[in-house]
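Residue numbers (this note's numbering), protein chains in the order written: chain A, 1 to 421; chain B, 1 to 421.
Keep in mind that the hints were calculated from the coordinates and are not lab data.
Careful: at least some of the hints might be erroneous.
Pairs count within a copy or across copies, as identical chains cannot be separated in the list.
What the hints assert, rightly or not - With a Cα cut of at most 20 Å, we get these calculated EDC-like pairs of lysine to aspartate or glutamate:
id : residue 1 : residue 2
1  : Lys144    : Asp129
2  : Lys30     : Glu199
3  : Lys111    : Asp129
4  : Lys144    : Asp120
5  : Lys111    : Asp175
6  : Lys144    : Asp127
7  : Lys361    : Asp401
8  : Lys30     : Glu390
9  : Lys144    : Glu128
10 : Lys111    : Asp316
11 : Lys111    : Asp127
12 : Lys130    : Asp88
13 : Lys46     : Glu57
14 : Lys130    : Asp106
Protein chains: 2
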Amino acid sequence: MQDTIVMKFGGTSVADAERIKRAARRIVAKRERGFRVVAVLSARGKATDELIAMAEEVSPAPDPREMDMLLSTGERISCALCAMAINDLGHQAVSLTGSQAGIVTDTAHTKARILDVRADRIHAALDEDKIVLVAGFQGVSTAKDVTTLGRGGSDTTAVALAAALGAAECEIYTDVAGVFSADPRIVADARKLPVVSFEEMLEMSASGAGVLQLRSVEYARNHGVRIHCRSSMEDGPGTVIVAEQDTMERPLVTAITHSTGESKITLLGVPDRPGIAARIFGALADANVNVDMIIQNEAASEGAGADMSFTVTRDDLRVARLTLEPVVDELGIGGIKEDEKMGKVSVVGAGMRSHPGVAAKVFDVLGDAGINIEMISTSPIKISCVIRAERVDDAVRGLHDAFALSGKDTVLAEDPFAGPR
Amino acid sequence: MQDTIVMKFGGTSVADAERIKRAARRIVAKRERGFRVVAVLSARGKATDELIAMAEEVSPAPDPREMDMLLSTGERISCALCAMAINDLGHQAVSLTGSQAGIVTDTAHTKARILDVRADRIHAALDEDKIVLVAGFQGVSTAKDVTTLGRGGSDTTAVALAAALGAAECEIYTDVAGVFSADPRIVADARKLPVVSFEEMLEMSASGAGVLQLRSVEYARNHGVRIHCRSSMEDGPGTVIVAEQDTMERPLVTAITHSTGESKITLLGVPDRPGIAARIFGALADANVNVDMIIQNEAASEGAGADMSFTVTRDDLRVARLTLEPVVDELGIGGIKEDEKMGKVSVVGAGMRSHPGVAAKVFDVLGDAGINIEMISTSPIKISCVIRAERVDDAVRGLHDAFALSGKDTVLAEDPFAGPR
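Next up, chain A with everything else stripped away, as it sits in the complex (with noise of 0.2 Å):
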C-alpha cells in the first residue's frame, strides 16, 4: 500500500483565494508523487478571532458549548474552499468536518481533548483515491456536540490523525521555513535546525517557540510520529521532530527561546500558615491562569509574613488580578504589585543534560551585558530566565553568539554515551 503524508497547513497558509490554490497545488503535487493525501486545515488567517469579536459583540461571557459550534466554521470555510481549487486541478478531493473525520474529544468545550480517532471514513475515501481534507481544531464530544481543541489546535488534529493512519510523516507548513536556532527576527543569522528531538522541541514550544503548539509536539512523542516542519512559501526541506536516538547529533546547546509577554505578580506579606499556596494556586488554576515561574523570599523576620512571586502570561494578568483580589483579603495577605513587562530567554539543548556548566555560562552571559535575572527555573534540558522584557533582545543575541549557534559552528556535548557518527 502506498505510504500516508498527512499535510497541515496554518492559517496564513490559506489567507486568501491565491494561497488556498497553491495550498491545493501542494497537496496535488504531494498525491501526483504516489502517496496517500490527508491535508489538515485551519481557518483562514483571522477568521476566528472575527468569529471571536462577533461573540463578544453579542454576549460578555458567551457560552463555550456555542462559542464551539461559531469557531469550528471556520476551518470548515477553508476546507471546503480548498476542495473546490483541488477538484479544479483535476483530482478527487473531499472535505470533512472534524466529527466526519472521526475526531472524538471529551466535553470540554474551547479546549477539548482527543480521546479517538475513529478514521473509517478517511480510510474509505483514501481507498477509493480520493485526497482528504479535514478541517483542524475540531472534534465531536461524547455528547455529539461539537468541540474544539484549543489555539493551536489543528496542529495536535494534523498529529492525532498521522498516528491513527500510521503515516510516515506529518508536514506542519507554516510562513517559517522551519525550527530556529534562535528567531530570525532578532538574531539575523540564525541556523535552521535540521533535526531537532521530541524533548527539545517540548522545552522550545513552552518556552516561546511558537511554529508547533505544545499539546500535539506531546501527542507525537506519545504516539512516535515524525514532524516535519516547513515553509508553505519555499520548498526545500524544514526541521524534522524524531525521537532522540543515540546517533543523533548532541550539540550542548540547540536554540535560544524567547517571549516577551510575561507579567510578574508578587504579593507581599504572605503568611506562614499550611494550605496558603494551595489556596492562591489552586484559586488560579480554576480561573485557568496558567502559573509559570514561582518564588518565595524567606520571612524578613519571624512572623512576618514572606512575599511569594510569580509570572503568568500578559494577556492572563487581569483574570488573574480579579482572581487575587479576594483571596488577598480572606487570606490577610499584605498587598499586591506587579510588573507587565517582563521577559523570559531560554536555552534549550539535549546536550546539556551531563553539562552543568551550561548554567553558569548563561549566568556569566547575561551578567556581562547588565541583564539583571529576576527568576529562574531549569530543567535537565533547558534553562529559563526571567528578565525585563526591554532586555530580551539583548540576551538573545547575547546568548546565541556566546554558544555559537550560527552557521555551521555548533558547539557538540563531549557525551562519552554518544554512539559513532
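Start from chain A and add chain B according to the hints.
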C-alpha cells in the same frame, strides 16, 4: 404537554448583533408564555452571498458537495450567536446543525429535498426545558454529507420541523408585516391580508410574492402546517396561511403579485418535427433553467417553421443562451431573439374559480392603460400576463384599484357554495 411553536427568522432579522439580540428576546418572550420553542435561523444578511463570492474566487465551477459544506456555515454562526444571547437572558438554549436536528435529505447537493425529520434530539432538548435553535437551509444526506436546500430553504426547514413536531404554528418572521394585497412599495394603500389559503399563497409565491418560499408552502399544505407570516420589527398579527375552508371569506381577487426579472427568448423558424420541443426544453431543464410561459405561433406558410417564445428569469438568461446555441445549430432553427426587460403581473384569488369574468376585466384594465400583453397563462385561481418590465408598476396599481383591494372594500365572490359568515 405544552404546545410547540416553530419560529423562523430570516437573514435581515439576524443581520447584526442588535438584531440577533432582538430575535433572542422574541424567542424568550414566547417561551415565557408557556410554549416549547424551536427557532430556525437563516444566515446573517449577506453572509451567504459572501461565501458564494469566496467560492467563485477559488473555482470557476465549485463542486456542489463542497459548496454545501461552505454555505452551511452561515446558519450555524447565526444559531450559535443567538444561543449565546438567549443564555444571557437567563434561559437555556442549544443550537443544532441541520444534521444534529435530524433533517435527512437526498443527495442532490445545493438543492436537496427533505426525506425525513428525525427529531429525537430536539425532543430530548425540549424535554429538558431548553430552547432549541436549528440552522436553517441545511441537512445531512443519506450519504452522511452536509446538504443545502436551495434559496429560501430555511422556510422549508421551519415548516418541516413544525410538521414533524406537531407544532401549533410555524411563525415566519421577516422584515415585512405579512402578506399584502400588492407590494406596498408600489401600492401605498395595499392591504395586509389577515388570512390566505395555501392555494392562493402557492400561486402568489410562484408569481413573485417574496415573503414565503414556494416549496415551504407546498410542504405546509401537504402536512397541514399553519403558517403565520409576521414582522420581526413590530408586534401585532401578520398573515395566517391555512387550508381553505367553507367558512372562509372568499374574495374574488385576493392579491396582485408581480415580478420585473423576466426575460423572453424567441426561437425563430423552429422546424415542425416531432421531438423538437422535447429536445429544446429538455436541454434547458438539464441546465437547471426554469421555463415559465411558452407560446408557439403557427408557421406563416407550410414548411416555414413556427416561432416559439418562452420566458425565463433574467438570472437564468445567460445559461439559457449558452445551452440553446448548440441546440439551435443541431435542429436547424432559424435564430434566437432575446428580450431582457420583461415583467409579469398576476391576479390571484380563490374566488375566481367560479367567476370567469376576472380574465376579461384584467385584459380591459391593462388595455385601457395602454399596456401590451405579450403572453398569458392561467390557473383556476390565477391569471398572469407577461408585459414590458417598465409598465409593471402601472399594471399593479391599475389592477389593485380595479379590483378594489385597498382598505376594507374587498369584492367578495358571490359563491353559491359559500357557507354562513
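### Query
Are there hints from earlier that the structure breaks, and if so, what are their numbers?
Checked against the structure, the hints that fail are numbers 2, 3, 5, 8, 11, 14, while the rest are satisfied.
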